[in-house]
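Engineer: These are the residues of each chain, in order.
Protein chains: 2
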Amino acid sequence: MFKFTINARLPNGRGRAGLIETANGIIETPAFIPVATKATIKALTPEQVRDDVGAAAILANTYHLYLQPGIEAIKQSGGLGKFMNWSGPTFTDSGGFQAFSLGFEKGRRVNKIKKVESNGEIIETDNEASPHPLMAKVTDEGVSFRSVVDGSAHFFTPEKSIEIQQAIGADIIFAFDECLSPDEPYERQKKAVERTNRWAKRCRDVRHPESQALFGIVQGGRYEDLRKESARAIGAMNFEGFGIGGSFDKRDIGTAVGWVCDELPENKPRHLLGIGSEPQDLILGIENGVDTFDCVAPARLGRNGTAYRNVTHPGADGRSTLNLLNAVHSADFSPLDPDCACYTCRHYTRAYLSHLFRAKEMLAATLTTIHNLYFVVNLVKEARQAILEGRFGELKEKALAPYISLGL
Amino acid sequence: MFKFTINARLPNGRGRAGLIETANGIIETPAFIPVATKATIKALTPEQVRDDVGAAAILANTYHLYLQPGIEAIKQSGGLGKFMNWSGPTFTDSGGFQAFSLGFEKGRRVNKIKKVESNGEIIETDNEASPHPLMAKVTDEGVSFRSVVDGSAHFFTPEKSIEIQQAIGADIIFAFDECLSPDEPYERQKKAVERTNRWAKRCRDVRHPESQALFGIVQGGRYEDLRKESARAIGAMNFEGFGIGGSFDKRDIGTAVGWVCDELPENKPRHLLGIGSEPQDLILGIENGVDTFDCVAPARLGRNGTAYRNVTHPGADGRSTLNLLNAVHSADFSPLDPDCACYTCRHYTRAYLSHLFRAKEMLAATLTTIHNLYFVVNLVKEARQAILEGRFGELKEKALAPYISLGL
Chain A
107 MFKFTINARL PNGRGRAGLI ETANGIIETP AFIPVATKAT IKALTPEQVR
157 DDVGAAAILA NTYHLYLQPG IEAIKQSGGL GKFMNWSGPT FTDSGGFQAF
207 SLGFEKGRRV NKIKKVESNG EIIETDNEAS PHPLMAKVTD EGVSFRSVVD
257 GSAHFFTPEK SIEIQQAIGA DIIFAFDECL SPDEPYERQK KAVERTNRWA
307 KRCRDVRHPE SQALFGIVQG GRYEDLRKES ARAIGAMNFE GFGIGGSFDK
357 RDIGTAVGWV CDELPENKPR HLLGIGSEPQ DLILGIENGV DTFDCVAPAR
407 LGRNGTAYRN VTHPGADGRS TLNLLNAVHS ADFSPLDPDC ACYTCRHYTR
457 AYLSHLFRAK EMLAATLTTI HNLYFVVNLV KEARQAILEG RFGELKEKAL
507 APYISLGL
Chain B
107 MFKFTINARL PNGRGRAGLI ETANGIIETP AFIPVATKAT IKALTPEQVR
157 DDVGAAAILA NTYHLYLQPG IEAIKQSGGL GKFMNWSGPT FTDSGGFQAF
207 SLGFEKGRRV NKIKKVESNG EIIETDNEAS PHPLMAKVTD EGVSFRSVVD
257 GSAHFFTPEK SIEIQQAIGA DIIFAFDECL SPDEPYERQK KAVERTNRWA
307 KRCRDVRHPE SQALFGIVQG GRYEDLRKES ARAIGAMNFE GFGIGGSFDK
357 RDIGTAVGWV CDELPENKPR HLLGIGSEPQ DLILGIENGV DTFDCVAPAR
407 LGRNGTAYRN VTHPGADGRS TLNLLNAVHS ADFSPLDPDC ACYTCRHYTR
457 AYLSHLFRAK EMLAATLTTI HNLYFVVNLV KEARQAILEG RFGELKEKAL
507 APYISLGL
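For the record, the sequence lines run as chains A and B.
Quick note: to get the working numbering, add 106 to the position in the first sequence (first position is 1).
Quick note: to get the working numbering, add 106 to the position in the second sequence (first position is 1).
You may find that some hints are simply not true.
Heads up, the list lumps identical chains together, so a pair's fine if it works in one copy or across two of them.
Claimed, not checked - Below, simulated DMTMM-like cross-link-like pairs (lysine to aspartate or glutamate); rule was C-alpha separation at most 25 Å, straight line:
(1) 188 with 157
(2) 188 with 438
(3) 466 with 178
(4) 297 with 335
(5) 188 with 445
(6) 181 with 438
(7) 466 with 256
(8) 188 with 153
(9) 466 with 153
(10) 374 with 134
(11) 502 with 445
(12) 243 with 256
(13) 487 with 346
Simulated from the structure, these hints should not be mistaken for lab results.
Looking at chain A on its own, in the form it has when it is part of the complex (with noise of 0.2 Å):
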């Protein structure tokens, strides 16, 4: 059962306000979906997502599950809902953006050698004669990899990725697509956006629509041709929704990001992929067509010290995050953000948090996770609300005046 209703546009005719209906829930979008990498938001219950943060939908790792626990478990345990004890809708990405660049990283680890010199130097050299692949080695059938757990060597294909993410059973599944650095010249990204067109049509035609929807997904780096291409070709496969992915960085947004969704079919939901870090980027993702949002950031920030402010009150230094090691946190009684209603702003001082941070105490974490969650969740939120009441653009404006005036 999957279902997109879009109740609301903006003037522009790119953003819009609907509902994404599944098997397992309703996702108002626009939504930001925190991801559960390892079938868990890092430091979170799943009920502190649900209630605290407010999130309706998670998205989990296929590349991590895959590699641990492994798929079977969580087949048996009725998949990756029930095994991480997720009522709510649930994504898997595909596995291809972490076995290129996780993959490629472990291949240059293990394929290392290290020789000490006569003057004690040690010097480490690419180890030519070794019987791996010195990187994740991409190939028209599909992708090889070195786990980052363990070392050993596996082996992706689009029939594959389908494969694995039927039986981890999340809602929304994504084809498996050749991931380039943004940075990566435009005959790469050409060949990268005919192989996902290739590799696109093998997971449509693999995969068992009954259950779980399948997003294909448009590449095309910085390049408005190729972007404009790949989300046409996408666009006419037949997928449930559409995501753009790339890696790319904040300044494409608003370009990149409006181009695919010119060429999409309106009807169906499309998903930013692990882009969208700051607050702005939100905005202006929404502002372009983006129904629904993950990024690991804001809950490594959290976990690393580093807050959210309320965009439209930055701190007097004037910027948008507090880093609650520095050392005027520690005698500071107020909440993270005074205009925030989360548990942790609603429960907890700065002088607290600080403490917890220093004595190294997982509540920190936990604590400060919540906050960040909850700020891009409810920022996406009221985004929504803004657009079905017909005053998005006064929200972008507030939103993103700090960041104009420090010229970000």
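With chain A's structure known, arrange chain B on it following the hints.
Structural biologist: For chain B alone, kept in the frame of chain A given last:
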């Protein structure tokens, strides 16, 4: 406001069920009090401690809070409960035990000299010329010790301990005592009992009785005459309740605890300090007259992946705990304990918990801590109910059977 009422007694005249009333709420006794060492129950929110663990009160460590974040931050927050968002009753210990034990360790570390021998071997020796004491140094005046946080020098006296505990503002505080290993010989124990009596008087004389209940501490190691002498002396000193100290062994619970409780005024509550790491210790403590317990062991075991099993249904291997890092649990889709009604056992499988521990996810510690703390809190609640209903003997037999059959 402090009141203790006894509702029912065991036939042996020692054990009882009752109520401690404080300005911040009621503790039904006997009760297990989880330890919030640094003003947080590690890995849990206060709501999880209250709702998922079911604890009525928490105990924080004066020594740790004094060093980090320091007393000022807690005082300015309105006291311990407000600082950490715990609205129920609170305890603090006197700081004595940690000043002795941790101060000693730190003293050893900072005063070692490392010398590299000509053969390259590194030798560690005591620095006789060190300006710092080699260990925590105890005189009749108080204890000088070094901070575990930064090695700085500090001096605790009975008066200072009360002053700090008043600033922290818990409902129940403890007199400063000299705490020896139970293995110390008779003469040392006798001197410690005498000093503890003198310090107890000094504590009583400086405290403001309005808002906090002060508990005197009984010492005396494994010597019946010293334990009874200590209990009589402390019992005569007009405290609101008593602590039984000594960091002693489980085999002492049936002996030393009983001796002490026979001598203490019957109408005042007794707290067993930092002992009772295993379920059977709690049952024996309750039988011998203990009203409240604290112990870090259940939570610490949980964080390390060791979960309690129902003592009436130990595993096929006869053990009363299970280690989630054992490979056998990765494919076990049953809960930690099929007889347990805790949040963790209602929602998660051993396979999932095992995955979280392997993946080093913080939620692992949260979920296993909830289970272990619920387990001991609930066992003590069941014992209370059994006392009220005149069937404690039956509960004891069931609870101790597996240990007795294992010869523990």
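Engineer: Indicate, hint by hint, whether the structure satisfies it.
Structural biologist: Each hint tested on the structure:
For the identical chains of this complex, residue 188 and residue 157 are neighbours both inside a copy (18 Å) and across copies (23 Å), given an alpha-carbon limit of 25 Å. Proximity of residue 188 to residue 438 under the C-alpha cut-off of 25 Å is restricted to the inter-copy arrangement: shortest distance 14 Å between copies versus 41 Å within a copy. For the identical chains of this complex, residue 466 and residue 178 are inter-copy neighbours only, at 20 Å across copies versus 35 Å inside a copy, given an alpha-carbon limit of 25 Å. Only within a single protomer do residue 297 and residue 335 lie at most 25 Å apart by alpha-carbon distance; the minimum there is 12 Å, versus 88 Å between protomers.
For the identical chains of this complex, residue 188 and residue 445 are inter-copy neighbours only, at 20 Å across copies versus 36 Å inside a copy, given an alpha-carbon limit of 25 Å. In this assembly of identical chains, residue 181 and residue 438 lie within 25 Å of each other by CA distance solely across copies; the values are 13 Å between and 48 Å within a copy. In this homomeric assembly, residue 466 and residue 256 come within 25 Å of each other (Cα to Cα) only across copies, at 15 Å, whereas the closest approach inside a single copy is 28 Å. For a Cα distance limit of 25 Å, the shortest separation of residue 188 from residue 153 qualifies both inside one copy, at 14 Å, and across copies, at 24 Å.
In this assembly of identical chains, residue 466 and residue 153 lie within 25 Å of each other by CA distance both inside one copy and across copies; the values are 24 Å within and 20 Å between. With identical chains, the CA atoms of residue 374 and residue 134 are at most 25 Å apart within one copy only, with a shortest distance of 14 Å there and 57 Å across copies. In the homo-oligomer, the alpha carbons of residue 502 and residue 445 lie at most 25 Å apart inside one protomer (17 Å), although the nearest pairing across protomers, at 53 Å, exceeds that limit. Taking the closest pair of Cα atoms, residue 243 and residue 256 come within 25 Å of each other only inside a single copy of the chain (18 Å); across copies the shortest separation is 50 Å, beyond that limit.
Proximity of residue 487 to residue 346 under the C-alpha cut-off of 25 Å is restricted to the intra-copy arrangement: shortest distance 23 Å within a copy versus 53 Å between copies.
Of the numbered hints listed earlier, not one is contradicted by the structure.
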